[in-house]
Every structure is written in C-alpha cells, then in structure tokens.
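Chemist: Here are the chains, one letter per residue:
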Amino acid sequence: MTTDAAHVKACCATAYSSEAARFLLGDRFHPGGAALTSRLVRALRVGPGDEIVDVACGPGASALQAAHETGCAVIGVDLAVAGVAAAIHAAASTGMDDRVRFVVGDAEALPLADASVDGALCECALCTFPDKPGATAELARVLRPGARLALADITARPDRLPAELDGLGAWIACIADARPLDELADLVTHAGFVIESVERQDAALGAMIERVQSRLDAARMLGATIGGLGSRVDDAIAIARAASRAVANGDLGYGILIASRP
Amino acid sequence: MAMDTGARARTDRDEVFLEYTKSICPVCKTVVDAEVNVRSGRVIMRKRCADHGQFEALVYSDADLYMAQQRCNKPGTLPLEFQTEVRDGCPLDCGMCPDHKQHACLGIIEVNTACNLDCPICFADSGHQPDGFSLTVAQVAVMLDAFVAAEGEPEVVQFSGGEPSIHPQIITFMEMAKERGIRTVMLNTNGIRLARDSRFVAELARIGTHVYMQFDGFDLQTHLAIRGKDLREDKQRALDNCAEHGVTVTLVGAVERGVNEHELGAIVRHGVAHPAVQSVVFQPVTHTGRHRVFDPLERLTNACVMRLLTEQLPEWFRVSDFTPVPCCFPTCRSMCYALTDGDSFIPFTRLVDIEEYLDYVSNRVIPDLAVREALERMFSSSATPGAEGALLACEDCGIDLPAAFGDITKNVFTTVVQDFQDAYTLNVRQLMKCCVAQITPDGRLIPFCAYNTVGYREQVRAELSGSSVPTVVPNAEQLQSILAPGPHGSMTSGAAGPGTRNATNVGRRLGSP
Chain A
1 MTTDAAHVKA CCATAYSSEA ARFLLGDRFH PGGAALTSRL VRALRVGPGD EIVDVACGPG
61 ASALQAAHET GCAVIGVDLA VAGVAAAIHA AASTGMDDRV RFVVGDAEAL PLADASVDGA
121 LCECALCTFP DKPGATAELA RVLRPGARLA LADITARPDR LPAELDGLGA WIACIADARP
181 LDELADLVTH AGFVIESVER QDAALGAMIE RVQSRLDAAR MLGATIGGLG SRVDDAIAIA
241 RAASRAVANG DLGYGILIAS RP
Chain B
263 MAMDTGARAR TDRDEVFLEY TKSICPVCKT VVDAEVNVRS GRVIMRKRCA DHGQFEALVY
323 SDADLYMAQQ RCNKPGTLPL EFQTEVRDGC PLDCGMCPDH KQHACLGIIE VNTACNLDCP
383 ICFADSGHQP DGFSLTVAQV AVMLDAFVAA EGEPEVVQFS GGEPSIHPQI ITFMEMAKER
443 GIRTVMLNTN GIRLARDSRF VAELARIGTH VYMQFDGFDL QTHLAIRGKD LREDKQRALD
503 NCAEHGVTVT LVGAVERGVN EHELGAIVRH GVAHPAVQSV VFQPVTHTGR HRVFDPLERL
563 TNACVMRLLT EQLPEWFRVS DFTPVPCCFP TCRSMCYALT DGDSFIPFTR LVDIEEYLDY
623 VSNRVIPDLA VREALERMFS SSATPGAEGA LLACEDCGID LPAAFGDITK NVFTTVVQDF
683 QDAYTLNVRQ LMKCCVAQIT PDGRLIPFCA YNTVGYREQV RAELSGSSVP TVVPNAEQLQ
743 SILAPGPHGS MTSGAAGPGT RNATNVGRRL GSP
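Protein sequence lines correspond, in order, to chains A and B.
Counted the way the working numbering counts, the first sequence spans residues 1 to 262.
Counted the way the working numbering counts, the second sequence spans residues 263 to 775.
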C-alpha cells in the first residue's frame, strides 16, 4: 500500500463529511440511489424486532430508509464525527430516533458485541477500508448465525486503471483501492460467509459519476470555490473524466453482493 | 350441426386498458363515460356520445413517460373556501366544488374580449369584435377578493384577455392585485403595446409585473399562421423595452403541428441570450376557440414537445431533464430548471435526483423534507422566476450549493411544457386536480380546462356581453361536415343541442329499469 492506512481512513472520513462531498455527492454517497438501497435492504429479510448495522453510514439516509421500509431497528456506524452528528439530527427530525441510532466507530473494530445484529448493510465503503479482510471479519463477527450481509461496492480491475485514478483524491473517490467483483466475493467467503448472489450494477456508477461531473461543471461555470475542494476543481474534473472513461471501458464498475452467515 | 370450433382462434385487443373516467362529447358537450388506453406506445382517450358517435384523441404520445410520471402526484392542498356545491358531479359544478382535489396555484382574470390582433389561433375567441365585454374596476375587485378569500395569500394572478394591455384600467387592476398581497402579478400579452409604448413598460416595472409574452418563433410563416401578422419587430422591441426597464419576461410559444415545431430550440436559445427573459413556456395549441383544422389522433402533446427540444438542442436537453409538476396532475405540466451562462446549459436534474424527492407513491422515507418542500415550490404552476431560491437557500439541500455561489438567479433559466385539455381530451381525473383557475365576475374559480371546453366560457361571455354565444366545437377533421363558423371565428355546430343523456352506469341498480 502506497498511502499510510490510518491517514487514508481519516482523510476519507473527513472528506465525506466535508462541504465538498455534500456538494458533489448530495446526501446519497453511493450509486443507485434509494432504489438500489431498497433492494439491498429487502435482501436482508429483516422486520420489526430485528436490528441491523449500517457500516460507514454517512449522514444516515440509508439507515433511515432501512428502518422505514422494514420496521427494523438500525445502528449506524461511521468514522466521521460530523457525519454521525448529521445522521443523529436526521433521525430526530424524522421522529425515528427511537429505532435508529448512530455512533462514531471504526469498521475495522465495530463497537458491537459478537453475534449481536440480525443484518448488515455496507454501501460503497469497503473499497475505502485499508484492511479489507479485517473489516469483513468484523462484519462476520457481529452478525448472528443465519443473518445476512448486503454489500455494495465500487469494483475495478486495478491493473487497467489510468494514472489519474491513483493517489489520495481517487482513493477518497472510492476508486484507488477498489477490487474486482470476484475478489470481493472471495474476501466475503474467506470471512466465513456463504454467497447468495452477486450482481453487476455498472450503469448506476456511470450515472453517479455523470452527476459529479455536472456539479463540478456548475461550480466552474459560476466561478465558485467549494469548501474542502479549494482550487482543485480542475483536478476533480480530471479524475471524474478518467473515471467516466474507465466505466465505459468496463475497468471500473459497481457490484452488489448478498451473503449469509452460517 | 357440429360447430367447427377448431377454426376460430381468440384474438387479443390491440390496446392496454388504463383508466375509466368521464369526459364530454366534443360536439354537444354532454358528459359521457370515457376510456383511456395505451395503443402502440401512445395514450389515447376513447368515448362515445349517443347522438354524435365515437371519438378518439391522443392524450400523451409516450406511454412509458405517462406511466412513470404518475408517481409525482402530490396530495392536494385544500383552499380556504369552496365557491360551489357538489350537485351534478364533475365537470358540471365548477368551481371550485368541495370535490376538487387542489387549491388554485394560479388565478386568471380575462379583463376583456377586445384585442389589437385577430389571430387565426385564439382559444379565447378574441379580436376586433363589436359584441364583447370589458370588465369594470368593481368587477375586478370582486374577482380579486374571491381569489383572496379562497387562497388567503394567493401566489399568482395573471391578467389576460382579449389583450389586457389595451384595457384602459389595466394598470389599476394590477395595482389592486398587489394591494391585496398577491405575490406575483403577471400580464399575458402579445407585446404590441410593450413594443410601442415604453411609458407603459415603465409602469409595469413600477408595479413589479412579470410579463408572459406570446412568442411562437422567428419564421414569417409561423407569425402568419398563428398570429395572422408579421410581429417579429414588435416582439424584439417589446423584449428590449422590458430589458431596459428591468421587467422580467416569460416567452410563451403556442406550438402547432406543421407550423412551428422546428423553432422550439431557437426560441429557447433566444430566451437564454436575452437579458429580459428568464423562462420559456411551450404549449401545444389548445384546440378550443379559433384554431386550424386538426386531427385529434395526431395532435402535439407534452411528450412531443420534449422530444422536439431534445432533437433541436441535444447538447442541452434530454427528456429526463423535464420533471413532472406534482401540484397539478403530473402529465399536464413538466419543467426543467437549468444553470446557464449562455453557452453551457446544466439542467438541475443532472445535479440532483429530483424525481426521487417528488415520488409521492412509494412508501419511502424522504431523506430531507426541506429539499422536497423547496422542490415543490419550484415545480409548481405558481412558480415564477426566482423560485429556485428556495432550494438554493436551503442549507441541507440536495444540491447544497455553497454560499460562495451567491445570487445565481441570473444564471437560472426555466423551460416549461404545458398541455391544456380540449373537448376531445378532457379527462375529469386531471380536471379534478387542476390548479389553474379562471376567476369569473360572480366569484367562481373555474378550472381553466373546464372553462374552455365544457361551456363555461360561452356562458360567462354571453352573460357579460349580453349577446348570445354559440357552443364552441373543435375544428376537427372528422367534424368538418357538421361545422359552421360562429360569430367570433371559432366553429359551432347546428347539431349542438341538449344532447341525449348518457345513462351508462349512473343512478341505477342491477335489475332496476
């Protein structure tokens, strides 16, 4: 690994709670929007009385959606203090704070007891965790036997990615350390899960990158400086362009994976 | 005798049955049952009158889009008061009756029937006519008061006609609306007076009037076909006068098949480039009042207009950049907000997944209600330039434009596509949620599409002018043999009478005679 692991984790957490991230990504920090989240949540097959964990929950949109759609309780975990604060606020303002709570925590050391939750959701985040086997082992540890994991993540063929998609900026954009979908499946299997289904969702990533590009174009048109991004709008535009090309070539994509803990 | 059952195969209908609703006979205006079906990817209404036979008309030319848009159907808001009672049912109790599903976002007051033009296309049947009406200050006061009583703080009133700018008291009327706290006052005009009388434009600036100006294209043939006159210089001078006085303008294009379909992209470009223009509205020509002979199955719909825009400005528009407006029926009106510097054009749909916030059907938690509320103010029939301010001012919003963006109103351009119903396409399902109301001098708020098709317009005009007004019948190809020109240029039919009562499925029980 070229970048210090702790630095990457802190940078990712800070970046995703920054004004720039809010501007570029809106309140859904993952491809596919609410519709894809809904599919993942349904795959967990949970209901009232169950509790699930949303790992790297960001400002809490998916956690709230899961609770609303299934009636389950949710604990959202994220490394960014600001993101967790926003999520707590969102839960309170929608009157769901009796069932949905959020804590600051590390995906590689979840603040949860062994076999304590009935499902786990992890959207577009594993690619940013430097210790992937550690993170998947944690997911296996906290799930009770029979519970399911719904994982969605950026996928990539690392040897085919262009140079623009290396380095910290691209890492924050979930790209630099993304793995091929079959490697993600191996990671999950090695952690002790049984894979139920694997599916590519590359078009969802293409649409999300296009949205980021439009937001960057808007920023440039209006001559705005975006907090946290500073004068690096042009760098960001270059990364987005390279990512868009890589999606078109099939070197970069998005995948979802459902697995159960025996 | 043995039947040869093997030779007869059952066949399927060639259409998908979507809706069972009510409409009217386009000839006698009797209320009849109607079906809406999908055939070859197009949405088509069919109905039958006992006296005048069967009618079919194109409702929406893209069935996929028609179905998808149903999600953006916002629960209506009750007005403070209704003006009529439910007696005969929709559409005969206008308006508004307590069964109406939505308050009036936009109120229209037609101040006269006189016009300084005699356009071949005019839904209001206006012109240089001896037998029209011209409202008094007392009448307009009653109308504005009725609007305020129904709405509390009405959002938009639009003065129309006739040609409202030639009414001697039009300035007084607009001041009266402002005095009553109505947020936005619009003038629906052909622009001739604005081109030739810059003192009048200065008055509009003083009052803060927003100009809603007919603008159908740039070709001489377009002007002759729709307005009967070459108004190109007047239109340009009117726009320049507005810019000079700081009056904001919406360009309103009436779009007719075979006339000006090819000019839509050029109209948007013209609007984006002109400092006075903040938005463009395209309206497929409403086949009521005066209009060209048309085929109801080949009429233009919102979907056609959106497709034409994407063909003529592919670098700017996709069909998905248009968002159905949730306050009225979502298939009636679609809007696109975009950021532009005159060269690049970035629709807001590329920045935020607007329809995800405006899906009222799925049982899904909305990530941020403040964003939905801001979007509802933008995607509304009462939206006026600057409505995007609500979204941009919203701290938690999905676009979340940083404060550094500052005042970007000058960079926002709005494109609207609005289809009004005619006597062929009228569907009470849409009508019951209509949020554009024609205000009458007796204080009723009649949904605009009912006013133009059911017979209310003829009634009100006859009452105000004291001369009889025959029932207006659409100038459709299939009706040519029974049509004759009426006194104001629209068509009427000798066959129009009380009509045989449509007795299907009404007021009886099984087995009763």
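Simulated from the structure, these hints should not be mistaken for lab results.
Keep in mind that a hint or two might mislead.
Pulled a few chain A residues facing chain B out of the computed Cβ check, cut under 10 Å [to be verified]:
| hint | residue |
| --- | --- |
| 1 | Ala34 |
| 2 | Ala35 |
| 3 | Ser38 |
| 4 | Arg39 |
| 5 | Arg215 |
| 6 | Asp217 |
| 7 | Ala218 |
| 8 | Ser244 |
Where is the CB? At the ideal position from N, CA and C, for every residue including glycine.
Chemist: Please verify that hint: Ser38 (chain A), Cβ, nearest Cβ of chain B, below 10 Å or not.
Modeler: 7 Å, holds
Chemist: Is the interface hint for Ala218 (chain A) satisfied, with its Cβ closer than 10 Å to some Cβ of chain B?
Modeler: 5 Å, holds
Chemist: So, as I understand it, the hint says Asp217 (chain A) touches chain B; can you test that by seeing if any CB pair is closer than 10 Å?
Modeler: 6 Å, holds
Chemist: Is the interface hint for Ala34 (chain A) satisfied, with its Cβ closer than 10 Å to some Cβ of chain B?
Modeler: 6 Å, holds
Chemist: If you take the shortest Cβ to Cβ gap from Ala35 (chain A) to chain B, is it below 10 Å?
Modeler: 8 Å, holds
Chemist: Report holds or violated for the interface hint on Arg39 (chain A), using the least CB-CB distance to chain B and a cut-off of 10 Å.
Modeler: 12 Å, violated
Chemist: Return the status of the interface hint for Arg215 (chain A): holds when the least beta-carbon distance to chain B is below 10 Å, violated otherwise.
Modeler: Holds - the Cβ of Arg215 (chain A) comes within 10 Å of chain B, reaching about 5 Å at its closest.
Chemist: Return the status of the interface hint for Ser244 (chain A): holds when the least beta-carbon distance to chain B is below 10 Å, violated otherwise.
Modeler: 13 Å, violated
In this structure, the hints that do not hold are numbers 4, 8, in rising order.
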